[in-house]
Structures are given as C-alpha cells and as structure tokens.
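Asker: What follows is the residue order along each chain.
There are 2 protein chains.
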Amino acid sequence: MKKLIGAAILGQSGGPTSVINASAAGVFLEALEHEEITHVYGAKHGIKGILEEEFYDIGKEDLKELELLKTTPSSSIGSVRYKLKDITKDDSDYRRLLAVFKKYNIRYFFYNGGNDSMDTANKISKFFKEHDYECRVMGVPKTIDNDLYGTDHTPGYASAAKYVATTLMELYHDARVYDTPMCTIVEIMGRNAGWLTAAAQLAVLKGQGPDLIYLPEHVFDYDEFLDDVGTVLKENGKAIVAISEGLKDKDGKYIPEHFSDLSTDSFGHAQLGGAATILANEVAKKYDVKVRGIEFSLLQRSAQHLVSAVDVNEAFQAGKEAVKQALLGKTDYMIGFERVSNDPYKINYILIPLEKVANEEKKLPLEWIEPHGKGLKQPFIDYVLPLIQGDYKAPLEDGLPRFAKLKKVLAKK
Amino acid sequence: MKKLIGAAILGQSGGPTSVINASAAGVFLEALEHEEITHVYGAKHGIKGILEEEFYDIGKEDLKELELLKTTPSSSIGSVRYKLKDITKDDSDYRRLLAVFKKYNIRYFFYNGGNDSMDTANKISKFFKEHDYECRVMGVPKTIDNDLYGTDHTPGYASAAKYVATTLMELYHDARVYDTPMCTIVEIMGRNAGWLTAAAQLAVLKGQGPDLIYLPEHVFDYDEFLDDVGTVLKENGKAIVAISEGLKDKDGKYIPEHFSDLSTDSFGHAQLGGAATILANEVAKKYDVKVRGIEFSLLQRSAQHLVSAVDVNEAFQAGKEAVKQALLGKTDYMIGFERVSNDPYKINYILIPLEKVANEEKKLPLEWIEPHGKGLKQPFIDYVLPLIQGDYKAPLEDGLPRFAKLKKVLAKK
Numbered sequence: 000m001k002k003l004i005g006a007a008i009l010g011q012s013g014g015p016t017s018v019i020n021a022s023a024a025g026v027f028l029e030a031l032e033h034e035e036i037t038h039v040y041g042a043k044h045g046i047k048g049i050l051e052e053e054f055y056d057i058g059k060e061d062l063k064e065l066e067l068l069k070t071t072p073s074s075s076i077g078s079v080r081y082k083l084k085d086i087t088k089d090d091s092d093y094r095r096l097l098a099v100f101k102k103y104n105i106r107y108f109f110y111n112g113g114n115d116s117m118d119t120a121n122k123i124s125k126f127f128k129e130h131d132y133e134c135r136v137m138g139v140p141k142t143i144d145n146d147l148y149g150t151d152h153t154p155g156y157a158s159a160a161k162y163v164a165t166t167l168m169e170l171y172h173d174a175r176v177y178d179t180p181m182c183t184i185v186e187i188m189g190r191n192a193g194w195l196t197a198a199a200q201l202a203v204l205k206g207q208g209p210d211l212i213y214l215p216e217h218v219f220d221y222d223e224f225l226d227d228v229g230t231v232l233k234e235n236g237k238a239i240v241a242i243s244e245g246l247k248d249k250d251g252k253y254i255p256e257h258f259s260d261l262s263t264d265s266f267g268h269a270q271l272g273g274a275a276t277i278l279a280n281e282v283a284k285k286y287d288v289k290v291r292g293i294e295f296s297l298l299q300r301s302a303q304h305l306v307s308a309v310d311v312n313e314a315f316q317a318g319k320e321a322v323k324q325a326l327l328g329k330t331d332y333m334i335g336f337e338r339v340s341n342d343p344y345k346i347n348y349i350l351i352p353l354e355k356v357a358n359e360e361k362k363l364p365l366e367w368i369e370p371h372g373k374g375l376k377q378p379f380i381d382y383v384l385p386l387i388q389g390d391y392k393a394p395l396e397d398g399l400p401r402f403a404k405l406k407k408v409l410a411k412k
Numbered sequence: 000m001k002k003l004i005g006a007a008i009l010g011q012s013g014g015p016t017s018v019i020n021a022s023a024a025g026v027f028l029e030a031l032e033h034e035e036i037t038h039v040y041g042a043k044h045g046i047k048g049i050l051e052e053e054f055y056d057i058g059k060e061d062l063k064e065l066e067l068l069k070t071t072p073s074s075s076i077g078s079v080r081y082k083l084k085d086i087t088k089d090d091s092d093y094r095r096l097l098a099v100f101k102k103y104n105i106r107y108f109f110y111n112g113g114n115d116s117m118d119t120a121n122k123i124s125k126f127f128k129e130h131d132y133e134c135r136v137m138g139v140p141k142t143i144d145n146d147l148y149g150t151d152h153t154p155g156y157a158s159a160a161k162y163v164a165t166t167l168m169e170l171y172h173d174a175r176v177y178d179t180p181m182c183t184i185v186e187i188m189g190r191n192a193g194w195l196t197a198a199a200q201l202a203v204l205k206g207q208g209p210d211l212i213y214l215p216e217h218v219f220d221y222d223e224f225l226d227d228v229g230t231v232l233k234e235n236g237k238a239i240v241a242i243s244e245g246l247k248d249k250d251g252k253y254i255p256e257h258f259s260d261l262s263t264d265s266f267g268h269a270q271l272g273g274a275a276t277i278l279a280n281e282v283a284k285k286y287d288v289k290v291r292g293i294e295f296s297l298l299q300r301s302a303q304h305l306v307s308a309v310d311v312n313e314a315f316q317a318g319k320e321a322v323k324q325a326l327l328g329k330t331d332y333m334i335g336f337e338r339v340s341n342d343p344y345k346i347n348y349i350l351i352p353l354e355k356v357a358n359e360e361k362k363l364p365l366e367w368i369e370p371h372g373k374g375l376k377q378p379f380i381d382y383v384l385p386l387i388q389g390d391y392k393a394p395l396e397d398g399l400p401r402f403a404k405l406k407k408v409l410a411k412k
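From first to last, the protein sequence lines are chains C and Y.
Counting with numbering that gives the first Met the number 0, you get residues 0 to 412 for the letters of the first sequence.
Counting with numbering that gives the first Met the number 0, you get residues 0 to 412 for the letters of the second sequence.
These aren't lab readings, by the way, just hints derived from the structure by calculation.
There could be a bad hint or two in this list.
Chain copies aren't distinguished; within one or between two, either way the pair holds.
The calculated DSSO-like cross-link candidates involving lysine-lysine, where the alpha carbons are at most 30 Å apart (straight line), are [what the hints assert, rightly or not]:
hint, residue 1, residue 2
1, K205, K233
2, K411, K47
3, K47, K285
4, K1, K412
Sequences are here, hints too, so could you generate the full structure?
Answerer: Set out below in structure tokens:
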C-alpha cells in the first residue's frame with residue numbers, strides 16, 4: 000500500500016461527554032507517533048474551525064497535558080453544531096473545506112461525534128473523492144445517547160449511565176430520610192432513545208432505585224402516570240420516579256410543550272428540561288405530598304469524577320484505532336465496538352461504514368422494556384453492567400481535579 | 000468519677016449530609032466498646048422515634064455494616080424536623096421522653112444535627128435535670144450550611160463544598176464548549192449563609208470557575224445582576240454564574256417569591272429552588288443568548304462519591320469523641336473543631352456548650368467577601384482548602400457503591 004503523507008486533523012462535534020477528550024487523546028497521541036503524519040491539528044469548534052482555518056497545532060502541546068485529556072471532561076478543543084449547506088443548492092462550504100485541506104495538505108480527517116457528525120464526515124469524504132483529493136476520513140463515535148448504528152455501545156454512554164445509577168442510589172437515601180410523604184422526580188437526558196434513562200434500572204438492581212421509570216419508547220399518559228405515582232405513595236409514602244426528558248404524549252408533544260399555557264416563556268428557550276418540575280407540580284396538585292423535581296442537566300454528561308474506567312479506555316482506544324486504520328488505508332468508516340463476551344467482558348474494534356451510521360439509529364430493544372413505568376428487564380442489565388466498571392478519575396491537585404491545560408497555539412494561516 | 004451505667008441512644012436530625020452516617024458509625028462503634036453502655040440504640044427518625052418508642056437495636060447489626068455507614072450518604076436511621084412543644088404551654092413531649100428514657104434506662108443521649116437539634120437536646124437535658132434524671136447529653140455537629148457556632152467548621156460542609164467546586168469545574172468545560180453566546184446559572188444551597196456558595200471560589204482559583212458569585216450576605220439587585228452578566232457576556236460570550244438559593248432583594252424577598260406572579264403555583268410547594276431558572280429566563284429576556292439554569296438540589300448534600308476524606312474522618316471522630324466525653328462525665332456540650340494549624344492541617348476536638356450553639360450562628364465573615372458578584376478573598380480559600388482534601392468513596396460492587404445495609408431490628412417495647 001502506498002503511504003499517504005500529510006497532516007491529520009481532529010474535530011469534536013455535538014454535545015460533549017465525559018470521555019470525548021479521551022478519544023482526542025487517543026487520536027493525538029497515536030497520530031504524533033507516525034512519520035506519515037506530518038502535522039497533527041485540532042480543529043477549533045469542529046468543522047467550523049476548519050472552514051475558518053482555525054486549528055490548534057497539537058505538536059506544540061506537552062505530552063503530559065495530552066495524556067491528561069483522558070481525564071478531562073467535555074470537548075477541550077471546542078465543539079460545534081454546524082450543519083453544512085445543502086450541497087445540491089450551495090457547495091461553497093465543501094469547496095472551502097477542500098481548499099483548506101489542500102492548503103495544509105491534510106490527508107487524515109478524524110471526526111468525533113454522533114450520527115449528524117458521521118453524516119457530515121461522509122459528505123465531505125464523498126466531495127473530496129469527486130474532486131480527486133485523497134483523504135482518509137474516519138469517524139470516532141461519541142454520544143451519551145448510545146444511539147449509534149452498528150456499534151454495541153458508544154463512548155460516553157457508560158459514564159453517563161454510571162452517573163445516573165450512582166446518583167439515583169444516593170438520592171434514594173436522601174429522598175427517603177423523613178417520615179413524611181414525598182415524591183421526587185428525576186429527569187434524565189435522551190431526546191429520542193431511553194438508553195440513558197434505562198440506566199436507572201441499575202439502581203433498582205441494588206435495591207436503591209426509583210419506583211417508576213418512564214422511557215420515551217412508550218407514549219406518555221398523564222393520568223396513568225399520576226395513578227402509578229398514587230399507588231406507590233399509598234404503598235410506602237415515598238415515590239421516586241425517573242423520567243426521560245424525551246417523553247411525549249399521544250399527540251407527540253414533549254412535557255414542557257404540553258403545559259406551554261402554564262409556563263409561557265419559562266421553557267421558551269429551545270432545549271428540553273423542566274419536565275421533572277412540571278410533573279412534580281402535577282403530583283402536588285393531586286396528592287398531599289411534598290414534591291421535588293431534579294434535573295441531572297449538564298452534570299450527567301460532564302461528571303468526569305464519576306466516569307467508568309471501561310468507558311475511558313474504550314474511548315481512548317477508539318481514537319487510536321481510527322488513526323491506525325486510516326494509516327492502513329481505510330477510509331469512510333466509523334470505529335465501532337463488537338462485544339465478544341460478557342464474562343470476562345471483551346470487545347473487538349470494528350469498522351462501520353459512515354454511510355450506515357449517518358442514516359440509521361440504534362434503538363433500545365422494545366423486548367428489554369417492562370410495561371410503561373415498570374423499568375427494564377434482565378437483558379438490559381446484562382448489557383450495561385460490564386460497561387460501567389472501574390474508576391478513572393483525574394489526578395487531584397488541592398483536592399480538586401487537575402484537568403488538561405492545552406496551550407492551544409493556532410496553526411499559522 | 001462515678002460510672003453511669005445504662006443504654007445509649009443516637010438520633011439523626013435535620014437535612015442529611017454525605018457524612019452524617021459517618022458520625023453515626025463513630026457513635027455506634029465507640030459506644031459498643033464500653034461496658035458502662037448496656038445497650039446501643041438508634042432512634043428511628045430522631046426525636047420522633049424516641050417519642051414513639053421506636054428505636055433500632057444497634058447491637059444486632061453486623062460490625063461490617065456499621066463500618067460501611069462511614070461511606071453511606073444521608074441519614075440511615077431516618078431524620079426528622081420535629082419541633083418539641085413549647086414547654087411553658089405543654090410539657091407532654093418532655094414527660095413522654097423522660098418516661099421512655101427511664102423505661103429503657105437510657106443514660107447517654109447523642110443528637111446529630113444543626114442548631115435546632117442542639118436546641119432540642121439542650122431543652123431535653125434541662126428538663127431531665129429538673130426531674131433528677133441523670134443523663135449525659137452530647138451534640139454531634141452536622142450541616143452542609145457550616146453555620147454552627149463555636150466550631151471552626153461542621154461535618155458535611157467540606158464534602159458539599161468539594162461537590163460544588165468539582166462540579167462547577169466540570170460544568171465550566173461543558174458550558175463553554177460551543178462558539179455561541181451562553182449564560183449558565185447554577186443554584187447552590189444555603190438559606191441564610193453563603194458558606195456553601197462561597198465554595199464556588201475554589202473553582203475560580205483553578206481558573207475553571209464561575210464569572211460571578213452571588214452570596215446571600217449581600218442584598219440582591221436584579222438590575223445590577225443583569226448588568227454584571229451583560230458585561231461578562233460582552234467580554235467573552237459566555238457567562239457562568241453561581242447563586243445562593245438564599246438570595247434576597249431589598250424587600251427581603253427570595254427570588255422565587257419576587258416572581259410569584261409569573262410562576263403561580265410552580266413554586267408554591269414550600270422549599271426554595273427554581274431561582275436559577277428564573278434568573279436564566281431574565282437573562283434570556285434581556286440578552287440574545289442561550290441560557291441554562293442548573294440546580295444542585297439534593298445532589299450536593301448526598302453525593303457520597305465526591306466526599307472529602309478529611310470530612311469523613313472528622314465526622315466519624317466527632318461521633319467517637321461525643322461518646323468518650325460523655326463517658327468521662329461531660330454533658331450538655333456539642334463536639335466542635337478548633338483549628339490548630341493549616342499547614343499541616345490539624346484540629347483539636349473541643350466542647351462547646353449546647354446552649355451557645357442553640358442560640359448563635361456562625362456567619363461568613365463579611366471581610367472575606369469581595370463586592371457583590373465578585374467572589375471571595377484569599378482568607379476564605381485558606382480556610383476551606385484544607386477541608387476538601389482526599390477521597391473516601393464507598394467500596395464498589397458491580398461498579399456501583401456498596402452502601403451499608405442495616406437490619407434495623409426494632410428494640411422490644
């Protein structure tokens with residue numbers, strides 16, 4: 000195979016996770032080791048940084064700080080939610096990208112994100128091919144939503160799942176401390192798929208979990224919900240409920256939308272959230288109990304202090320694999336995980352065509368879900384338990400995490 | 000000194016912390032070692048459990064599980080917010096308590112809580128004395144609010160402070176990830192004193208903290224707040240703001256109260272909370288930015304996975320000291336901490352009269368606070384940094400914390 004000599008660039012895209020920087024560490028540290036790769040760049044805010052020719056020269060960073068990226072949450076070089084223009088109407092974004100890639104002789108493009116990001120990477124790759132520009136394009140998976148096609152799971156999911164389960168166990172102790180009736184409703188991320196909310200079942204497994212778990216895979220019914228909560232309250236005076244932010248009623252409306260007449264502009268600002276408080280208030284209207292709505296919000300995706308060691312290692316390895324495979328001549332693939340065995344837990348790193356990932360979604364199997372509100376079945380536990388094993392905290396300095404500090408030297412234009 | 004032979008009882012009272020059970024472990028394990036103490040009881044839901052003659056026989060528990068209490072959050076034997084009846088009008092509660100103490104020959108009473116709890120313990124002790132019932136009454140301090148008189152700090156505070164600082168550092172990375180303007184407002188507990196919100200300064204110290212910190216020690220002004228946020232947004236496009244739930248305007252109104260016309264029954268259910276969302280919406284009205292309100296809610300006081308080792312050890316030791324001092328004949332005191340030196344950090348355990356603790360409050364020194372919004376000065380950092388050192392996580396089982404499982408055998412009536 001002909002060696003392809005040129006620069007490599009990594010972009011981070013979409014909502015951050017606790018381990019997206021671990022993948023960055025994998026890409027950077029691996030890329031820096033190979034002679035074919037002349038320069039290693041990190042795009043500032045993903046694809047936008049490339050369009051604007053703003054990227055960091057990773058060769059100028061200390062190796063120690065790059066290692067610390069493994070335990071630094073969120074996206075250290077900046078993320079983006081930029082959608083490329085529709086190429087059939089306006090190919091200026093694509094032409095601009097090609098010009099920048101040519102100018103810096105970038106021959107390796109790594110994009111770390113979810114399905115939208117894989118779609119972006121795939122489209123860029125096609126355009127480059129049509130214009131005879133050789134560039135190896137590899138996707139590195141990332142999302143707490145765990146909904147990427149073709150891979151057993153995605154980096155970021157396990158750590159978020161561990162956060163959800165651990166924190167729910169702790170809340171269980173807090174929310175049951177008084178001898179008075181109380182209903183606590185906890186809202187968990189996941190707009191379309193219940194993978195993350197399902198992790199609440201792990202706390203149930205430990206006998207310290209929510210009484211009810213509502214996933215977006217089922218239509219949400221307000222009366223049924225209130226009845227369910229009423230039954231639990233009657234039984235033990237306390238109700239802890241885990242809900243997905245993505246719950247929708249039969250009309251397809253999210254919970255904040257359903258109550259929009261009550262909350263006027265309170266939830267007008269785009270992102271979901273607030274459903275826990277809304278439902279808590281509904282419970283308070285119907286039952287004479289103290290209520291509390293809790294939103295895990297950004298905490299669940301940036302809680303580095305509670306990551307899974309399995310997740311960190313896999314995210315790191317996925318980054319390294321992407322580089323290795325690209326150097327072997329592979330292009331237009333996303334790195335994926337194939338589970339070989341559960342006990343001992345073992346995965347293989349596999350290649351999944353970007354095109355597939357861009358257009359399909361991995362759903363939570365409906366047969367793993369109990370009737371609405373009743374949680375998950377054993378196959379889900381078997382699936383998720385191996386993923387949340389082990390700690391991998393950032394080193395402490397003054398009792399606080401020591402996260403990576405990059406110099407972020409911009410490459411000369 | 001005459002040996003006092005009889006049973007000992009511990010009650011947990013008020014809002015839980017991550018380490019209140021560590022104090023329980025200290026009391027139980029120490030009490031079980033002494034011959035003078037014939038039985039060791041744990042009151043179910045504090046004083047209420049004594050009134051109702053419901054207490055657990057701690058002698059029936061496995062020592063291993065009692066050890067695990069050190070790393071189990073919240074109040075394992077149940078807490079309470081019961082206020083004893085006013086003795087000048089109705090002494091029935093007191094007479095009932097005396098009868099129960101006599102019936103079980105309880106001669107050692109340990110109460111773990113904040114100032115209200117110390118007040119309760121103090122009143123009971125006085126009543127017992129007036130009725131010639133010899134009983135040694137010792138308070139064990141507890142509160143994330145850090146507002147107890149006479150002690151350098153209180154068990155529970157340091158772990159909550161560590162949670163606040165660590166989580167804000169993580170949020171810093173998440174909230175700055177996009178190249179678009181954004182304002183994130185984080186709400187921290189502390190109804191009257193800013194001790195806990197002040198811990199946000201630790202994240203600032205690490206260069207990864209909020210831009211603005213608002214403490215309840217200063218009157219909150221909405222226009223000033225919006226101007227401050229505007230200035231920060233103009234400077235760097237991102238604003239992260241830490242606020243205390245206890246902020247009050249010049250009319251003495253909490254933030255949710257101030258906007259009660261907008262939120263009708265949304266915040267009608269007693270406890271504070273919601274201020275972050277309210278302020279975030281105010282910011283969104285004035286500036287064209289994405290906003291997010293985040294409430295640390297119960298998470299900040301039950302996050303065992305992020306406790307300070309110093310805190311756990313001190314809470315445990317405070318429980319042991321209470322027992323030792325009572326056996327030495329001391330009564331009507333709360334265990335307190337006196338700081339001997341900061342480097343190396345060293346404290347002495349001291350005795351503080353319950354009466355003092357019941358009636359006074361420890362304020363955050365005003366001279367430690369910068370002008371409103373601008374955070375804390377170095378003396379606060381010097382004060383708090385030694386307290387948050389070290390990890391002390393629960394052992395993991397299946398990747399999740401293994402908390403204590405008590406048998407909770409009720410003592411025979």
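Asker: Take the hints in turn and mark each one as holding or not.
Answerer: Hints and how they fare:
For the homomeric pair K205 and K233, the shortest alpha-carbon distance inside one copy (23 Å) is at most 30 Å, but the shortest distance between copies (48 Å) is not. When the C-alpha separation of K411 and K47 is checked against a cutoff of 30 Å, the pair qualifies only within one copy, where the shortest distance is 17 Å, while the shortest distance between copies is 71 Å. In this homomeric assembly, K47 and K285 come within 30 Å of each other (Cα to Cα) only across copies, at 28 Å, whereas the closest approach inside a single copy is 49 Å. For the identical chains of this complex, K1 and K412 are intra-copy neighbours only, at 29 Å inside a copy versus 86 Å across copies, given an alpha-carbon limit of 30 Å.
Taken one by one, the earlier hints all hold for this structure without exception.
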